[in-house]
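Colleague: Top line first, the protein sequences correspond to chains A and B. Letter by letter, the first sequence follows residues 0 to 329 of numbering that gives the first Met the number 0. Letter by letter, the second sequence follows residues 0 to 643 of numbering that gives the first Met the number 0.
No lab work stands behind these hints: they were computed from the structure. Hints should not be assumed to be uniformly reliable.
In silico PhoX-like pairs for lysine-lysine, Cα to Cα no more than 25 Å straight-line [stated by the list, open to error]:
| id | chain 1 | residue 1 | chain 2 | residue 2 |
| --- | --- | --- | --- | --- |
| 1 | A | 314 | B | 211 |
| 2 | A | 305 | B | 291 |
| 3 | B | 555 | B | 401 |
| 4 | B | 179 | B | 214 |
| 5 | A | 314 | B | 291 |
| 6 | B | 291 | A | 55 |
| 7 | A | 314 | B | 569 |
| 8 | B | 210 | B | 179 |
| 9 | B | 449 | A | 314 |
Just so you have them, the derived chain A footprint on chain B, three or more residues with Cβ under 8 Å [to be verified]:
| id | region |
| --- | --- |
| 10 | 256-269 |
| 11 | 286-297 |
| 12 | 422-432 |
Over 10 Å on every C-beta distance to chain A, these chain B residues come out as not near it, computed from the model [said to hold, decoys possible]:
| id | residue |
| --- | --- |
| 13 | 74 |
| 14 | 167 |
| 15 | 218 |
| 16 | 561 |
Where is the CB? At the ideal position from N, CA and C, for every residue including glycine.
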Amino acid sequence: MTASMSQCLMQMVQTDYQMSDYQSEIAPRWCAGCGDNAILTAMQRLCRDEQLPPEKTVCVSGIGCSSRLPHYMNAYGFHGIHGRALPIAEGIKIRRPDLNVFVTTGDGDNCSIGAAHWLHAIRYNMNLTVLLHDNQVYGLTKKQASPTSPKGLKSNTTPYGAALNPLNPLSVTLGVANVSFVAQAVDWIPDLLYEILRKAHQHRGLSFVRVLQRCPEFMGHRFDDWVRDPMKMRILTHSDGLRLKPEVSRVYKNQETHDPLDMPRALAIASMQEEIPVGILYNDPSVPCYDDLRAGERPNTPALVKTVLDEEFDKVGIWPDSADPAGSTE
Amino acid sequence: MTSDGRQDFAGTAEFRHDPDPTPSRPRPAEVLAESIVEIVSDSGEGAQRCGQSLAAIAARMGNGIWTVEIIPAEIQPPHRSVAGASGNRVRFASGPVTNVGDAADLVVAFNEQVLLSRLHAGEIKPGGTILIENAWQNDPDPAIVAAYAKVVAGVRADGYRVYEVPMAAECQKYVPDPRKGKNMFVLGMLCAIYSLDAEVARAQVRFIFAKKDQKIINANLELLDAGWAWADANLDLKYKVPAPPVAARQVVMNGNAALALGVVASGMEVCAMYPITPATSASHYLSSIFEKVGCVVHQAEDEISAATFAIGASYAGKCAVTITSGPGLSLKQEALGLAVMAEIPLVVIDVQRGGPSTGLPTKVEQGDLMAAMFGGHGDAPKVVMAVSSIEECFYSVITARKIAETFNMVVIILSDASLATAQQPFERPVFNPDWLAPPINQSAVPEDAKPYDWDARTGIATRFIPGQPNGMHCLTGLAHDRDSHVAYDAAINEEGLLQRSRKLAAFQTTLRLAPVFGGDDGDLLLIGWGSTKGAIEEAVTALRAQGHKVSSLHLKYLQPMASGIDAVMKRFGKVMTIENNWNDPKDDPLINDDNRRLSSLALLLRARWLVDVDCWGKARGQPLKPSAIMQAALAKLETAEGEQ
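The following block holds chain B by itself, in its conformation from the complex (with noise of 0.2 Å):
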């Protein structure tokens, strides 16, 4: 038996034969569509393991799931403050779920703080269910007793559905320090309430500890089977989020992982790195696999020789990748643009976070969609990009890296912090050899060929690698000719330009606008890019359910955009796009028509196509809501014609 998932997950004759726990007042499950579920505890409890072996196990039984992070800015936050609360949220659902959903339904706080760290920001629905760790009322701190008993008083007055649950007591019958078991004992008990299957729940605790010694290993199992029969003796809460059975072969990982093994899929041999939050984890798994398939994670000493290295690979042979967020790529800018005027290809991956600035770590926002289209000096045409799912992060690095060295561009992925950390199944890819980029070119090159031989057609140039006989030039980022000569002739500079931003235009073509989402037309059409598509499709699908005529449109090329946006726009009455970023509120006094700032995508749209397109978004470091969606879709409906 290896640490290798799948055999965990197939069980052993041992785990088959063992008995289930008893339930001692055995009733019939309510069937829910689906739930939300928060597990919140101090940093170190290991509520996020808690919560993500949840989702394993609904998704590995077949419920669709999404999963976010709940993750302090510190390594080791305070413990018991409203600002260290970390964990998992999860949603799980009958069919495929696509986004962070609305409030939670059930939320297991570890302490009354964090649990009021979930209730400030609105996240627990009103009337939800509390189970909280019950130990704080006997704690020898009186302030601490004090404060757990005025933090239930006050949830149960507003009407909550609150659980005092002993888990430190209960654990203590197992394991010796209760903290180190609780998120188990948790992880049986939200199992009891689901009515998930216990045999898929166990292979998922052998398969997170399969590095420990056995005796671990049954500790926790141990604490998994407590956790279970005490909810299913001591709670009335019952309930099953019925799955179809998994009918394709799937994969369950989050967006950073997804990105790592698309890098690995895509044939790219070079990531050049610095670390910075939230994309480091994707190198982080990408390091610990790159070298299996003879490649390297360089991590640089900054973000600009991370990206100057990544050129420099890339130059001298197949296309490399640098990794970043907000500020990283700030850093790189210069870079980039020496990439777009050398004409070398390099994929460059932004996930994106709260800015400017250090702004927001650890958070979500659509911020960077203008850097990343504009943010150099110059003229400087590169392709734009945003991933809108787990699965889209795997693909659209295979995808980048060759639109890169087709047209020896830089392409920039926009994803962000949500999709980063999020969870979700996606059908598992079978590998293609075609995704890999081909061989070093190192044949002679034809003596009267040129380095800088401009398609008319395109503005493409086969590129001259370093090694092959009779390519000899000097790559440089001042204007140049064709010979890669140095040129400050105006005609040659214009030329240079024209064939730079023609490759963008001959990219464009091959672009085809994903279809409309609802009706063909209508009332109102959302635009939305990236993350947020999830929350928009099912807001647009409860707003048709109700009656309106709202569809939407996500658009997965941000630079150059496909052809056809117009002609959709004009197709419903008003248009309005739905992004994680900011955009003043038309509520303030000093905000008009002629000051006011809108949302990236919003700006772009009306600049390209003339068309009155009004803007709605939040960038308050979290995902965008389906509820929050559909509010400001319906007051978008409720507005007069021509009032903005």
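Next comes chain A alone, as it looks inside the complex (with noise of 0.2 Å):
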């Protein structure tokens, strides 16, 4: 009695969680004005908000300079090969309930070579936050067009400029068979940021996140035309969904009541060329999830592993000639 109490003030007295426990002892190496900053900070807020003990929380990458962040979090970091971060994190989750699970990914980690993972990712539905850093280049590896980078981008390997359109990554998740929540933040906005991140980690399902991300070394000017204008800023609200403060609402006029449930608006908005919506575009909690349908009807112990092996020996078994087969049971 007394030790469970004694676990439970302790208990009580860890899990008033600041932000810097979620600070790994490193600090961020990524450019000035990179917008992943925002996002680290965004992350290290929902944490200490949410009060995620940093043992039982994982965040795993890829490579890439989004992949960088696990390094950054003082938790569980899974920094894995390039565009393999969501099956990872996917075996993480497999046994794993306990644990928050967040994947960080790049446009050209997730869109281009993990684009195969990302479509079955969506598909399982697992209880994942995966945000999708778009900064529509290869930062990294120095300025390569991405599958994300806008048309004409003169890069080192599209010195003419890239020759097509880009991939986008909202209607390609809408896409998908299972998907249960989409939305989309941008690095400027580190109010909306936080509510989405918020929002997406509240999800039960994978909850994919595409954050739009200033690269101020290789695509410096590309999100100015909305940076400075705000009205070309689509803000999606709803009582199920983003409720905006009041400051903020004051500064982004530009508002549309989205029902998170309706998906052909959704690929609209998805769609829109000369504004960059912010928002939820799509909500379905009621998407069964893989890591759920697949979790064991009971635990797996050693006297269950005995039952079964022997009633498997017993349909292929041989019987010495002495013995009655059928009093040979154990």
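Reassemble the complex: the two chains are provided individually, in unrelated frames, and hints are given to aid placement.
Modeller: Here it is in structure tokens:
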């Protein structure tokens, strides 16, 4: 009794986590003005506000600038290999429902080399929060066009301009079976970034958040028009979705009430060219989750393993002549 | 009565009192030490089931058995085609059987084209016995009548003993579609020819149709009896392969089933896989039982995600497994490098097939040894072990999981297509709770502990598992220091390489070399690995009986290798590996000592121990046969000292 009380007290003391409890001893090494810094701060705010125990929090990433994020979090981190953050995160989650698993990935990591995993991760709909840091360029390898780069982008692999139209991560995600949560945020509106991230975390299933992110080094002025003109930002609100603080609402007056279950409208919003939509495009909490569907009905125990092995051996058994087969059960 | 095989085998009074088929011309059976039987048909005519049942009946009577599936690559190959031959080879003997053996003594063919397929492959003993369906002689298509007549006349002329059997005509007395019943008729015929026990045979038929209704079971029992009676009345073939009484409880299964049960017994809880032949049947069987013990088979979207999913599961808990074949192993290589770098335990099962590329998906080759050892980029030490029997398929998974978790390493188990489908009895395993993985450690990590606190003697660091307080760190595939911080510093990089390599050396000190088979010294030592063990030892036994001083050594661990191999090699005049993989033929005019490409193990042994190791092997997609190994050994014995 005393032991459990003291444990309870200890837990109460420990659960008063501050922002600093989620900051690792390594200072972020992103470029000055990189949008990744805003995403990291939003993550740490979320962990503090939700009081997520650092030991129960896992940040998984692939390779790229965005994928350095786990190093800067004081949590369990898994900085994996290029494109494979999602299957690693799925493996982590499959037997560990107690862990809060975040995935940070980039437009090259997720939409190019890891694209197959992206589609299937949406379909599995496991309990993961996925942040696509989309700066529309390869940064870590020094400026190559990515699948989301605008047509005509001059890069080291496209010196005469990128030949193709970009892939739209929002409409692609919305088109996959079992999609359950799709949102878009931008690094230059931190309040909304945080609010969207919080909604994503609270969602049961895979929440996919594309964060448009500025790369001052290689895509310096890509989003200038939108950063300067709040009216070019379309803010999606709903009683079940984002609720805006008055100060945000005052600046970003171009708002649309959007029902997050309205898929046709979500697809139309995803395809906007002139305006950048920010908010929750789609949210269907009723979609079943693969990790729930595949959760074992009973825990793996030595007794269970013995029983099942014996059952299987019985099916293929050969018995000594002396033994009575009918009486040879153990 | 359940569908449980044991209870079916026990038989019921009803069946005990069934009259035996009465042989009309009883005659004494010729006693044989062993026999090799093949049953071949078009795909879908049930020859495989017939062969498997024959093997099961013989095994239950106490015979040693080994079965191999004869599989076309296509699901529905054209009927009556050489390429479409589907069936089973059964080798059964008075003593244990460890391999597929040489040419078949007796073959049952459902048409002349599938018979040709086996003749072309050289799988039927000269002068052997052929039983062939004779319905084709009355086929409405004159081309078929002619083809049948030509082949039958041809094999008679070549000296085979040919029996034309009215299989369809006989089966039609019992079932409307003889294609669906021939296999049980043939089973009855074979049981009669080999004097097998009628009651055991009926129990087997009841077992394989246990899920069907009684009408179907009865029809198949009638077919079995009909085949039996027909053979006794019409054939002058009567053999007996005496079986000693079964001394201990045994189980009989194929290699992939044994691997799957090994996964269950190892305590691993997650298997991530992608369908690939010939590995997939292990995952099929595992899928049917894994959930019963609270575990998951995840069919991933591709081989890479299967590997990385398993790595994620391992990282967050107990060691996980991924099961694949050659092309899948290639695709997983980058992920295996991550597991090596980050020191995450992982078991990889590679059921090898013919390669490269899509190669021979359904056929055997030991072609992946180098890929398993050195397939990834950079220095990536992994444990590589090979299984050489069905029993080893089961126990090796348990051992592999323990090695993986003790050393935080990747362990690759190499099986192959011949073990995958070969059936062999072995002593029924008795469950031991020590096989299982301990519960996931969730205790707090000491404040000053580091995630890569490498032990100076062993290189082993205790890994921190998510959920452990104070253990937070960021695991990375980048070079890292003891804190798991990214570090490009030369000394730190070198230390990581050293510690990961050191673990392999530490593990190597725990290995014991298997005893030499044959004699401790002599003129020729054959060295093998994997599924060839039985065939090599059979060849060695025969050679020694002829007075040749030949022995063999079989390696279970290929990376690292046990100490003492060099000492064994030096006790023999010549050393030659026997491998089911490619090496350049010495008699090719273009090939010389400078350019001859050697079999994998030979190359490895030469590199490590500076011993003149030769190699012999074939990569024909077939198991190596004892007679071929004998010939190769004799040829090697005849070569002069120093001559390649």
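Colleague: Confirm or reject each hint.
Modeller: Hint-by-hint comparison with the structure:
no., hint, in the structure
1, A:314 to B:211, "17 Å, holds"
2, A:305 to B:291, "11 Å, holds"
3, B:555 to B:401, "16 Å, holds"
4, B:179 to B:214, "14 Å, holds"
5, A:314 to B:291, "16 Å, holds"
6, B:291 to A:55, "28 Å, violated"
7, A:314 to B:569, "47 Å, violated"
8, B:210 to B:179, "17 Å, holds"
9, B:449 to A:314, "48 Å, violated"
10, 256-269, "holds (count 7)"
11, 286-297, "holds (count 8)"
12, 422-432, "holds (count 5)"
13, 74, "25 Å, holds"
14, 167, "32 Å, holds"
15, 218, "23 Å, holds"
16, 561, "30 Å, holds"
Violation of the numbered hints given earlier is confined to hints 6, 7 and 9; the remaining hints are satisfied by the structure.
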